[in-house]
Amino acid sequence: MDDTLFGKGLRALAIASVLLLGAAIALVFFYAPNDADQGFIQKIFYVHVPLAIVALVGFVVAAGFGIAHLRSREQKWDQASYVTIHMSIIFGVAVLVTGSIWAKGSWGKWWVWDEPTLVSFLIVFLLYVTYYPLRYSIEDRDRRARYSSAFAITAGAFVPVNFIAVRLSESLIHPRVLSTTGGHMPGEMRLTFIVSLVAMALLYATLVKVELASKHARMQLRALRRALEDEPAEGAAMATALATVPARPVSVPD
Amino acid sequence: MPALPLDEAGKYVAGAYGVFVVLLLVYVAIMATKLQRIERELQLLTRLAEKRRTERT
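Protein chains in written order, with our numbering: chain V, 947 to 1200; chain E, 1417 to 1473.
Keep in mind that the hints were calculated from the coordinates and are not lab data.
Mixed in with the good hints, there may be bad ones.
Example chain V residues on the side facing chain E (calculated, C-beta under 10 Å, incomplete) [to be verified]: (1) I971; (2) F976; (3) F986; (4) L997; (5) A1040; (6) S1115; (7) L1149; (8) S1160; (9) K1161; (10) L1167.
Calculated lysine-lysine pairs in the BS3-like style (CA-CA distance at most 30 Å, straight line) [what the hints assert, rightly or not]: (11) V:K1050 <-> E:K1427; (12) V:K1055 <-> E:K1427; (13) V:K1022 <-> V:K954; (14) V:K1022 <-> E:K1450; (15) V:K1155 <-> V:K954; (16) V:K954 <-> E:K1450; (17) V:K1155 <-> V:K1022; (18) E:K1450 <-> V:K1161; (19) E:K1467 <-> V:K1161; (20) E:K1427 <-> E:K1450; (21) E:K1467 <-> V:K1155; (22) V:K1161 <-> V:K1022; (23) V:K1161 <-> V:K954.
Glycine included, each C-beta is placed from N, C-alpha and C at the ideal position.
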């Protein structure tokens, strides 16, 4: 059985995420000045852009986990790759919705098709949405893990290529945040943005860990159930050991 | 386009941050449901183990 403890360090990570998210929101609304050009609506930037950066980096990290799986054939890397992509897709939904709200307020339209940044993000998002049907159409566990890893690597390589291609194209109206000139952000805005970005990254890591720990617990329970059904003596010993671990919701009385 | 007045822009900002919070809450609710399922399964296995132990003794 896999002895990896995905929940290790989860509490500290969760506390850090909550504290930093709180600090980021306080900085956004009480410290960062209103944008001279866009006014108050620019505050959406501090949630929209960190979400987008973290989601895209998550896709690339998933590719790394995919490589680790293909090299080692360990299931835990495939699980990590799957959960990372899953979380990036959830973040991607938030990016698209918050971006649309911002676009409506700033440009008067929910979506603009001739803006490379928006369309390229949508392409990446839709590409990764196809990961689910691919993964769940394969029943054999090992084959599924291999194919999913191959997908994660291929699509993960597409993310930076796509990013560079968009950078090389002429932007029409979408502002540049990270540029060689520093994105033209004043100090307060830059600090707020960095705190928001770190907070979002911590939140992402926390949610990935929660999901991994939950999946791992379910897999262990399934294995325990099989052991109990197949080999009563060994299974009972395992179940007793599991149930007598402190802080469990139920325990076996002596 | 000129910058929106605060009362107008406030709706959009609240909407964007609201979407983020709602998504987070939905995710937490889904995870809570999964946790309940794990807890139920654990209870079931504990009862099964208890039964097996009683049978052995």
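task = Closer than 10 Å between Cβ atoms is the bar; does L1167 (chain V) clear it against chain E? Give me holds or violated.
result = holds, 5 Å
ask   = Do the numbers back the hint for L1149 (chain V), that is, is its least Cβ distance to chain E under 10 Å?
value = OK, holds: L1149 (chain V) within 10 Å of chain E, min 8 Å.
message = Just to be careful, I want the Cα atoms of K1467 (chain E) and K1155 (chain V) compared with a cutoff of 30 Å; is the pair within it?
response = At roughly 34 Å apart (the allowed maximum being 30 Å), K1155 (chain V) and K1467 (chain E) break the hint.
ask   = Given the hinted pair K1161 (chain V) and K1022 (chain V), is their alpha-carbon gap at most 30 Å?
value = holds, 10 Å
inquiry  = Does the closest beta carbon of chain E sit nearer than 10 Å to the beta carbon of S1115 (chain V)?
reply    = Where the cut-off is 10 Å and the nearest Cβ of chain E is about 23 Å from S1115 (chain V), the hint is violated.
request  = Grab the minimum C-beta distance from F986 (chain V) to chain E and call the hint holds if it beats 10 Å, violated otherwise.
outcome  = This interface hint holds because 4 Å falls under the 10 Å limit.
query = Can I971 (chain V) be said to touch chain E, with a Cβ gap under 10 Å?
reply = holds, 8 Å
message = Given the hinted pair K1050 (chain V) and K1427 (chain E), is their Cα-Cα distance within 30 Å?
response = Satisfied, since the Cα-Cα distance of roughly 11 Å is no more than 30 Å.
request  = Would you mind confirming whether the straight-line C-alpha gap from K1427 (chain E) to K1450 (chain E) stays at or under 30 Å?
outcome  = violated, 34 Å
inquiry  = What's the verdict on K1161 (chain V) and K954 (chain V), does the C-alpha distance respect the 30 Å limit or exceed it?
reply    = Measuring from Cα to Cα gives roughly 14 Å; hence the hint holds.
request  = Answer holds if the nearest beta-carbon of chain E is closer than 10 Å to that of F976 (chain V); otherwise answer violated.
outcome  = Violated, because the Cβ-Cβ distance from F976 (chain V) to chain E comes to roughly 14 Å (cut-off 10 Å).
request  = So, A1040 (chain V) near chain E? Judge it on the closest CB pair being under 10 Å.
outcome  = holds, 5 Å
Hints 2, 6, 20, 21, counting from the list given before, are not met by this structure.
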